[in-house]
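> Next come the chains, spelled out residue by residue.
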Amino acid sequence: MTDIPAPRHIPDRLDKPLSSAIFSWEALLVMVAVAIFAINSFASPYFLDPYSLSDLTFNFTEKGLIAFAMALLIISGEIDLSVAAIIALASTMMGMAVQAGAGTPALVAIGIVVGLGCGAFNGLLVTRLGLPSIVVTIGTMSLFRGIAFIILGDQAYKGYPESFAFFGQGYVWWVVSFELVLFLIAAVVYWFLLHRTSFGRRLFAIGNNPVAAQFSGVRVGRIKFILFCLTGLMSGIASVLITSRLGSTRPSIAQGYELEVITMVVLGGVSILGGAGSIVGVVLAALIMGLVTFGLGLLNVPGIVMSIFIGLLLIIVIALPIVWRRLRGGR
Amino acid sequence: MKAFLKYREIWLAAAIVVLIGLISTRFPAFADPGNLRQVFNDTSILMILALGQMVVILTRSIDLSMASNLCFTGMVVAMLNAAHPAIPIPLLIVVALVVGLVLGAINGLLVWRLNIPSIVVTLGTLTIYRGATFVISGGAWVNADKMSPDFIGFQRAAFLGIPVLSWIAILVIALFFILMTRTALGRSIYAIGVNPTASVYAGIDVGRTKFIVFCISGMIGGLAGYLWISRYVIASVEVANGYELNIIAACVIGGISIAGGIGSVGGAVLGALFLGIISNALPVINISPFWQMAISGSAIILAVVLNARGERQQGRIILKKVEAA
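Taken in order, these protein sequences are the chains called A and B.
Numbering of the first sequence is given in the working numbering, commencing with residue 497 and proceeding in unit increments.
Numbering of the second sequence is given in the working numbering, commencing with residue 51 and proceeding in unit increments.
No lab work stands behind these hints: they were computed from the structure.
Owing to the predicted nature of the structure, the values given are computational and were not obtained by experimental measurement.
It is possible that part of the hints are untrue.
What the hints assert, rightly or not - Among the chain A residues that face chain B by a calculated CB cut under 10 Å, a handful are:
#, residue
1, M637
2, A661
3, I758
4, M802
All residues carry an ideal CB built from backbone N, CA and C; glycine is no exception.
I would like the entire structure built from these sequences, with the hints used as guidance.
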């Protein structure tokens, strides 16, 4: 997408020595997660409370759901910057439906359909017209959120039905929230899709070399279109969750989420140049980001300072294996 | 290729003239030279930023941290001014350039030395620089009453009937024009964007050139930091939040290919002007400013669609031969 694409290999665990498996990306992320977990539990006495740990999950479930679809998209060499704007537009549409007296099932359906529609619009622009996705989605990002601004102005929609609150606030069992269950189910589904199906194999092939994939009979355009629809769909689902959790819609809802989702995906070891990555990594990265923001929150660190830690974490974790390799005299 | 580039800028200029014409049917005073000068002045900062982003995009990289750099540098100079009003403005501008340069050099070093993709590096520094603004300011604002009259007045002072801010923009445009068309560095920047591998064989140090390019965009971010703060006379953590995408949007509308190698100074300037005119005209012709985002979003999509055809012809000729064979 940007920068010089370095030659890459489709991940192959067979010819790797055991030592490299120990230093795999996922292992690195597990170590980081454990370290942050330990620091958190020492830093704040409130951290290890089950209810508090349950609150923690809300920090990453919504963005994590989008990150799964985004990971697939980035592996295939595309990107979607409009996900947060899709959330805003879907939420606005749900708000309009509430004003018209829609019930909970209709609201959920509207959120999902609007998300899917926006994703399909992105997908059509990218695949049918052959445009670079980073630019298309910068455009649709302004467009989707712009429509939300036109409809809402400086107003907010409220008055969501009580039963609607379950999606963002409800618990399935004890401290296990509905959002967390959804996140875990999505993790398994996306893991299966990416690592156990031919569809997943094709994504890696497209990301590594779209031209070769095309010549090997992979329908690159159609698969990319499906991926944009998936990202839109997940954004629609996230919109239902966020709107339900906040109980209101403002045009500025979910502002800046797109960069957090992409940070999650990249931190999870997905190559921003396409062709490499795993769902396990994304799950771990989501957990790490949740741990960092929640731990700092317990210490009363303001949100803007948390972003320093997230940014540093991103750069350090990415730089670590490179520096490590240099020090060992590789390359 | 050159004829084609010219063609694109002429189209963009024509689109701007048509836009001004359309607006003046609703509000005749808009096309008044005095007002157009005002529009140019209002768009100056975006033009400067777009030029800095352009050189980065031309080398197939991207700088997402520009608006955060602007925010940080702006806060630094505003706090300096508030604490020591005696520091002359030219010196403050030098400080802004140096602070911006340092922030840009950090991006550049990470991209050059560690080979991390620029989108990842600047995604990280985007949040770091803005967070650092909070750290140095403690979350406090620097208001107009804490800034010295010189600090606020400098860019508003008129020279030959045109504000200093516009002159700075004209100067920056001229410098970038010389850089891109008359220097070896400019040639290298285009070469890297068109074909990085061939550039290496041609003796261009790709990594170092990218480092320089990030230093340039950093300095531009720093300069824009001073200009922004002294124009809107408030320095806070929220300054220019999300503006990085407006800058990229101006470049895209100006016909600068996100895939690198294609674009010109004129394009970036016109792209920024296009966005500037839209945001200036909406309130004048009684359209709610809430429409602004949707309109500029549509303009971006339209611009990409129009640009795409030319780019595809350029970049995929080799591929077509393969397909034919």
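> Verify the interface restraint on M802 (chain A): the C-beta must sit less than 10 Å from at least one C-beta of chain B.
holds (8 Å)
> With a cut-off of 10 Å on the beta carbons, see whether A661 (chain A) makes it to chain B.
violated (29 Å)
> Regarding the hint that I758 (chain A) lies at the interface with chain B, is the smallest CB-CB distance below 10 Å?
Holds, about 6 Å.
> Does the nearest C-beta of chain B fall within a distance shorter than 10 Å of the C-beta of M637 (chain A)?
holds (7 Å)
Hint violations for this structure: number 2 only, all remaining hints satisfied.
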